[in-house]
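In case you want the letters, here they are:
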Amino acid sequence: MYNFFSSLSSWMIPAIIVFIPLYAALRRKVPVYETFVEGAKDGFGTAINIIPHLVGMMVAISMFRASGAMELMLSGVRPLFDLIGIPSEVLPLGILRPLTGAGSLAFTADLIQTFGPDSMIGRMASTIQGSTDTTLYVLTVYFGAVGIRRTRYALKVGLFSDLVGFLAAIFICMYIFG
Amino acid sequence: MVNWIWLFMIVISVVVAAITGKMDAVTAAAFDGAKSGVTVSFGLISIMVFWLGMMRIAEDAGLLKTLAKLLGPIVRKLFPDIPPNHPVLGYIMSNLSANLFGLGNAATPMGIKAMQELQKLNPDSATATPAMCTLLALNTSSITIVPTTLIAIRMNYGSANPAEIIGTTLFATFIATGAAILADRWYRRKSLPPSSFHTTGTKTINAAPPFGGDGVV
Chain W
1 MYNFFSSLSS
11 WMIPAIIVFI
21 PLYAALRRKV
31 PVYETFVEGA
41 KDGFGTAINI
51 IPHLVGMMVA
61 ISMFRASGAM
71 ELMLSGVRPL
81 FDLIGIPSEV
91 LPLGILRPLT
101 GAGSLAFTAD
111 LIQTFGPDSM
121 IGRMASTIQG
131 STDTTLYVLT
141 VYFGAVGIRR
151 TRYALKVGLF
161 SDLVGFLAAI
171 FICMYIFG
Chain B
1001 MVNWIWLFMI
1011 VISVVVAAIT
1021 GKMDAVTAAA
1031 FDGAKSGVTV
1041 SFGLISIMVF
1051 WLGMMRIAED
1061 AGLLKTLAKL
1071 LGPIVRKLFP
1081 DIPPNHPVLG
1091 YIMSNLSANL
1101 FGLGNAATPM
1111 GIKAMQELQK
1121 LNPDSATATP
1131 AMCTLLALNT
1141 SSITIVPTTL
1151 IAIRMNYGSA
1161 NPAEIIGTTL
1171 FATFIATGAA
1181 ILADRWYRRK
1191 SLPPSSFHTT
1201 GTKTINAAPP
1211 FGGDGVV
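Line by line, the protein sequences give chains W and B.
Under my numbering, the residue at position 169 of the first sequence is numbered 169, and the numbers go up by one with no gaps.
Under my numbering, the residue at position 81 of the second sequence is numbered 1081, and the numbers go up by one with no gaps.
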């Protein structure tokens, strides 16, 4: 099982970056290099545009950790989490993930910085952050765009799948990296 | 919502720091946090530039369209109430395949286009249709093949193997999407017979009971 997941991880990117240009060049006669450069130009703006979001959120999270407020908040749930062997540090991420994309990304970066990218917490945080989208944002943007006010069960379904994804991420990380 | 979380964290930090006497540490942390925010964003540049370049090749080669076609049968199954060959199915397929490639910037406009088309099929323009809820369910759980942002952050902080989380992320995203589809099906079925009228325990913002108007019981 570990071998499957680790080879899936190490083959995915090489497979994609070989297959896409090869297929494009041979089957569709796409000028691959020029097309690459053209598309790559958008990447710079995308990365720069999130600076204000990330700075705002990382300031708040950094203060929250340094003041001892984070520890205070986590001390309540720690015994329960210790009992099942889950690091309680990832709990705030589970709460933030559906609510704010920049906030949970900042929190993930903070956990990776504090505990190291290859620690269990770092791996869990990466998996949690990568596996679902920001439910509240998606609902606001999509329903807002067409003026839907009564959203029926959409929020419940979104939050339920976030919870399931959060638990699945914790489980698979403990199973594979534990 | 986000405004309150942000305000909460800052205010509580200062209050707790005042009690514990860690005010200097909190001040330093504020500036450190700002610095980290910029560092992380800069770390994203390399992988974003590279990935979006790759994805442009995929787009020009028609791979997104091919993938959308492959998704066709699944999409038609998930949206039984949309007439076959309706243009909205095309938007939904493009939206889902852009999500798979991790192209948030392309997925959102396609998703909004799909919502606009679904709105045309909607008898009550203020209330979400089941098809809209299904589209939202798929988008909130969003399957992504390569979590580029996370790989970039892990790279930035010196991970020995930044991409090792691809497998675990795929697993978790797959389970989350499965859960979203099942929950959506369940609510969809539950909302069909107008006679059975009972609310669940969970309170949600804006969620109206099936066929119940504004929930005046």
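Possibly wrong hints are sitting among the right ones.
Label-pair ranges, simulated between beta-carbon atoms [stated by the list, open to error]:
id: 1; chain 1: W; residue 1: 78; chain 2: B; residue 2: 1066; range: 45 to 53 Å
id: 2; chain 1: B; residue 1: 1083; chain 2: W; residue 2: 119; range: 28 to 36 Å
id: 3; chain 1: B; residue 1: 1083; chain 2: W; residue 2: 38; range: 33 to 41 Å
id: 4; chain 1: B; residue 1: 1066; chain 2: W; residue 2: 149; range: 20 to 28 Å
id: 5; chain 1: B; residue 1: 1031; chain 2: W; residue 2: 38; range: 32 to 40 Å
id: 6; chain 1: B; residue 1: 1126; chain 2: W; residue 2: 82; range: 30 to 38 Å
id: 7; chain 1: B; residue 1: 1038; chain 2: W; residue 2: 78; range: 30 to 38 Å
Stretch by stretch, here's where chain B covers chain W in the computed footprint (C-beta under 8 Å, at least three residues) [to be verified]:
id: 8; region: 24–30
id: 9; region: 83–89
id: 10; region: 102–108
id: 11; region: 114–127
id: 12; region: 167–174
Computed list of lysine to aspartate or glutamate pairs in EDC-like fashion (alpha-carbon distance at most 16 Å, straight line) [said to hold, decoys possible]:
id: 13; chain 1: B; residue 1: 1120; chain 2: B; residue 2: 1081
id: 14; chain 1: W; residue 1: 29; chain 2: B; residue 2: 1060
id: 15; chain 1: B; residue 1: 1022; chain 2: W; residue 2: 42
Calculated directly from the structure, the hints in this document are not laboratory data.
Using N, Cα and C, we set each Cβ at its ideal position, and we do this for glycine too.
Each hint tested on the structure:
| no. | hint | result |
| --- | --- | --- |
| 1 | W:78 with B:1066: 45 to 53 Å | 49 Å, holds |
| 2 | B:1083 with W:119: 28 to 36 Å | 52 Å, violated |
| 3 | B:1083 with W:38: 33 to 41 Å | 37 Å, holds |
| 4 | B:1066 with W:149: 20 to 28 Å | 38 Å, violated |
| 5 | B:1031 with W:38: 32 to 40 Å | 38 Å, holds |
| 6 | B:1126 with W:82: 30 to 38 Å | 48 Å, violated |
| 7 | B:1038 with W:78: 30 to 38 Å | 32 Å, holds |
| 8 | 24–30 | holds (count 4) |
| 9 | 83–89 | violated (count 0) |
| 10 | 102–108 | holds (count 4) |
| 11 | 114–127 | holds (count 7) |
| 12 | 167–174 | holds (count 4) |
| 13 | B:1120 with B:1081 | 13 Å, holds |
| 14 | W:29 with B:1060 | 10 Å, holds |
| 15 | B:1022 with W:42 | 42 Å, violated |
The structure fails to meet hints 2, 4, 6, 9, 15 from the earlier list, while all remaining hints are met.
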